[in-house]
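Undergrad: So the protein sequences, as listed, match chains S and X. So for the first sequence, my numbering puts the first residue at 1; every next one is plus one. So for the second sequence, my numbering puts the first residue at 1; every next one is plus one.
Hints in this document: simulated from the structure, not taken from any laboratory. Quick reminder that beta carbons are idealized off the backbone N, C-alpha and C, glycines included. Worth double-checking, as some hints may not be accurate.
Selected chain S positions facing chain X (Cβ under 8 Å, derived; list incomplete) [what the hints assert, rightly or not]:
{"id": "1", "residue": "L39"}
{"id": "2", "residue": "I41"}
{"id": "3", "residue": "A99"}
{"id": "4", "residue": "L107"}
{"id": "5", "residue": "M227"}
{"id": "6", "residue": "G230"}
{"id": "7", "residue": "M280"}
{"id": "8", "residue": "I284"}
{"id": "9", "residue": "T286"}
{"id": "10", "residue": "V287"}
{"id": "11", "residue": "A291"}
Once the Cα atoms are required to be at most 30 Å apart in a straight line, the calculated DSSO-like pairs of lysine-lysine come out as [to be verified]:
{"id": "12", "chain 1": "S", "residue 1": "K305", "chain 2": "S", "residue 2": "K138"}
{"id": "13", "chain 1": "X", "residue 1": "K194", "chain 2": "S", "residue 2": "K305"}
{"id": "14", "chain 1": "X", "residue 1": "K243", "chain 2": "S", "residue 2": "K305"}
{"id": "15", "chain 1": "X", "residue 1": "K354", "chain 2": "S", "residue 2": "K305"}
{"id": "16", "chain 1": "S", "residue 1": "K245", "chain 2": "X", "residue 2": "K46"}
{"id": "17", "chain 1": "X", "residue 1": "K220", "chain 2": "X", "residue 2": "K243"}
{"id": "18", "chain 1": "X", "residue 1": "K244", "chain 2": "X", "residue 2": "K220"}
{"id": "19", "chain 1": "X", "residue 1": "K244", "chain 2": "S", "residue 2": "K305"}
{"id": "20", "chain 1": "X", "residue 1": "K140", "chain 2": "X", "residue 2": "K46"}
{"id": "21", "chain 1": "X", "residue 1": "K181", "chain 2": "X", "residue 2": "K194"}
{"id": "22", "chain 1": "X", "residue 1": "K140", "chain 2": "S", "residue 2": "K305"}
{"id": "23", "chain 1": "S", "residue 1": "K305", "chain 2": "X", "residue 2": "K181"}
Far from chain S by the CB rule (all over 12 Å, computed), these chain X residues [claimed, not checked]:
{"id": "24", "residue": "G57"}
{"id": "25", "residue": "F61"}
{"id": "26", "residue": "T87"}
{"id": "27", "residue": "G111"}
{"id": "28", "residue": "P113"}
{"id": "29", "residue": "P119"}
{"id": "30", "residue": "I149"}
{"id": "31", "residue": "N182"}
{"id": "32", "residue": "S196"}
{"id": "33", "residue": "N231"}
{"id": "34", "residue": "V268"}
{"id": "35", "residue": "Q269"}
{"id": "36", "residue": "C271"}
{"id": "37", "residue": "V299"}
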Amino acid sequence: MGVGPLHIIGNVLASDIRMATPILIAALGLLLVNEAGLLHIGVEGTMLIATLAAVAGSYYTGSVWGGLLCAIIAAGLMGLLFAFLTITLRANQTVVGVAINILGSGLSAAMNRVLFGVSTTIASIDTFKNLPIPGLSKIPVLGTAFFNQMPIVYIAFLLVPVISYFLFKTQPGLNLRAVGENPGAADTLGINVYRTRYIACVVGSMLMGVGGAFLSTGLLTFFSEEMVSGRGYIAIAAVIFGRYKPTGIMFASMIFMAGNVLANLLQVYGVGIPYYFLNMLPYILTVVALAMLGKSTMAPAAQGKPYRRG
Amino acid sequence: MKIDKVKLKSTANRSLTSVGVSVAAVVIALVIGMLLVVAMQKNPMKAFTSMVNGAFGPGYFTETLVKMTPLLLTGISFALCNRCGLTNLGMEGQMYIGALFATLVGAYVTGLPWYIHVPLCLIAGFIGGGLWCLITGLLKVFCGASEIITTVMLNMIAQFLIEYLINGPMIATPGGNPQTKNVLASARLGTLIKGSRLNWGYFIALGCIVLFWLFISRSKKGYEVRVSGMNPTAALYSGINIKKNILLVTFLAGGAAGLAGCIEIMGVQKCIQSAFASGYGFDGIAVSLIGQNSPVGIVFGALLFGAFRAGGNNMMRKAQVPDSIVNVIQALVIIMVIGSQMVLEIMNEQKLRKQARKEA
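Can you build the whole structure from these sequences, using the hints too?
TA: As structure tokens, this is what we get:
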């Protein structure tokens, strides 16, 4: 096996892809929510709830897939709450998003205490394992990077073409975007705006939940308070930097996390200072992108505006 | 005359309902929070009494006022932007930068008497937060960038910038705790009551509430700002320069949040530590929401959330109940207040529609 620069490149790429995965899935979920015309700031809180639900589910069912299911359900419920408040009651989406973040932070920490008490020993749970793809994983450099990953990583990257196809090539996808662009017109065409937004919000939140689950039962193997640590905000940045396109979001997540991987690598070699600046990278890039793109950000026209029928 | 009375009665009724709704929301949220305490197999009565005692008990109430101080200012910050039709989510970042400017002046400029040093620090903190938020205003005016997103991004940037500074160039003792040097004694806000942390910053924040009221309800500029927020098209046609107003408001709102960070350093913390402003920014949104963007409302909102923070700390110490419960309670209060406000609005709409149908 190759040891040396190629080997390092393979490993760096592999860890970049692994780190990008939770961001990518959450951002794809957020994309669905955004495209339906909802502005969702509460990604961080939704993911936090899911990290705990995944650990608890894995602990009680004995299977990491059971944990994933719990995470999806928990995140979906958060999505339902967001949808009810912002769609049915037409509440300010930004404020509700902030409330979801505070709720996610508090509830995940509180439920952790309820379920696992104060014991300092971490409950051992089933977690995701690498699933090398026979044959392909033996390819030098690229094999370790692309084909020797955990199942969720494959799912995340497969979701990119799937969601792309859904949004731009299918009727329901078109309807979804119409609702986000001009709900009034969509309504006159017979599209149920409320129902479309509800479904997009719940399904999108479930994807955020998958991202959260991967954090606590894939990347790490336990729950800790505030463990999402800004990844929800990076997902928001990824959607904007990726210009509301699944492929763009994929590259955005990988570029953002490359900074992080590089930072960790530099820390190993004792170069500490740029660490904080590399962590800032996603946010700075997004602000710069917003400044340069201006109004042509491709954001759905009706994003953030509540829809009122009649 | 008669119509005026009816109108007066209906507005009085409405504000009475909104107060009732807020109180009900707090009660329900507290009950749910205590149910969580029961689920943790802790004594809810002990938790509740230690919380109330920690917030309002003798010797503790000053701590509520201490926690209330930054909330007053972040509440003003959010409300001011909101009146102009902007959503400022960046109060936390603005607090960090305000604190940074104040610390630079307070810890590194020496040899000044307190009556010059203190105002200088306050001005520096105001300008720091103001400039940080002005970035958002400029991006909005000249690039059309959504302020909601840019403020969130700037929060994270400010947070990492502070982490870098307190771990690197500004660390008090290299290799020691990640914190800056203490601000000099001449740059500190004196305590009001001996043995407490309550300081003059509290009155500065209350003074800002008065200034906020004067600006928004009694000045021409404030009127322009309100018109720009309520109806940008009308503002445009009446010759109001919306862009200029956005820049002014973002600077002032950022300044208020910057002042919050600055006072926290000069009056309470003495130096910048990691995440010292954690949560104050987003809590400011809740404060302003509960106060419905009005000066008096913000005072009550800040008192409530200050009490939650102080009470939560005491609950953690005395009843060993984690203060994450307080986060849950606060989030539920926000959700229920905003939810019931919308329900009332929808009910009102339906009533009007029915009336219109009857008249037709």
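Undergrad: So, against the hints stated earlier in the document, which numbers end up violated here?
TA: Violated hints (numbers, rising): 5, 12, 13, 16, 20, 23, 26, 30; every other hint is consistent with the structure.
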